[in-house]
Amino acid sequence: MRHRPQSIGEEIANSISHGIGTLAAAAVAPVLIITALQRGGAASVVGASLFATTLLLLYLASTL
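Residues in the sequence shown are numbered from 20 upward in steps of one, following my numbering.
Hints are supplied without guarantee of correctness; some may be wrong.
Just the calculated beta-carbon pair ranges, DEER-fashion [what the hints assert, rightly or not]: (1) Q57 <-> A80: 29 to 35 Å; (2) T73 <-> R23: 26 to 32 Å; (3) S26 <-> V47: 29 to 35 Å; (4) L56 <-> I31: 37 to 43 Å; (5) S26 <-> L79: 22 to 28 Å; (6) A46 <-> H22: 31 to 37 Å; (7) A61 <-> I35: 35 to 41 Å; (8) G28 <-> G60: 44 to 50 Å; (9) I27 <-> G60: 46 to 52 Å; (10) V50 <-> L77: 17 to 23 Å; (11) A45 <-> R23: 42 to 48 Å; (12) A46 <-> S26: 29 to 35 Å.
Keep in mind the hints are simulated off the structure, nothing from the lab.
A virtual CB, placed ideally from N, CA and C, is assigned to each residue, including glycine.
Could you build the full structure based on these sequences and the hints that come with them?
Below you can see the structure in the form of structure tokens.
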């Protein structure tokens with residue numbers, strides 16, 4: 020499969036959609052961590068925090 024360069028419009032659309040993903044991840048992260056606090060132990064909180072952090076970093080890096 021050959022690599023096809025993306026147009027500037029596609030790059031902008033990708034950045035916008037990944038920026039929206041970053042905002043959504045930032046909005047949902049506290050809910051995820053609070054739920055882990057209420058329903059689970061320390062391992063659940065650590066797992067939820069790691070997941071939320073890596074999700075934010077993934078979308079943020081992809082946005083730039």
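Cross-check of the supplied hints:
Range check, Q57 to A80: about 30 Å between beta-carbon atoms, so the 29 to 35 Å window is met. Taking the beta carbon of each, T73 and R23 are about 29 Å apart, inside 26 to 32 Å as hinted. Checked against the given bound of 29 to 35 Å, the beta carbons of S26 and V47, roughly 31 Å apart, stay inside it. About 38 Å separates the C-beta atoms of L56 and I31, a value consistent with the hinted range of 37 to 43 Å.
Checked against the hint of 22 to 28 Å, the C-beta distance between S26 and L79 comes to roughly 23 Å, which is consistent with it. A C-beta distance of roughly 34 Å is found between A46 and H22, which places it inside the suggested range of 31 to 37 Å. At roughly 38 Å, the beta carbons of A61 and I35 sit within the given window of 35 to 41 Å. The hinted window of 44 to 50 Å between G28 and G60 holds, with their beta carbons roughly 48 Å apart.
Between I27 and G60 the Cβ separation comes to about 49 Å, which falls inside the hinted range of 46 to 52 Å. Separated by about 18 Å at the C-beta atoms, V50 and L77 satisfy the suggested range of 17 to 23 Å. The hint said 42 to 48 Å for the Cβ distance between A45 and R23, and at roughly 32 Å that hint is violated. For the pair A46 and S26, the supplied restraint of 29 to 35 Å holds, since their beta-carbon distance comes to about 30 Å.
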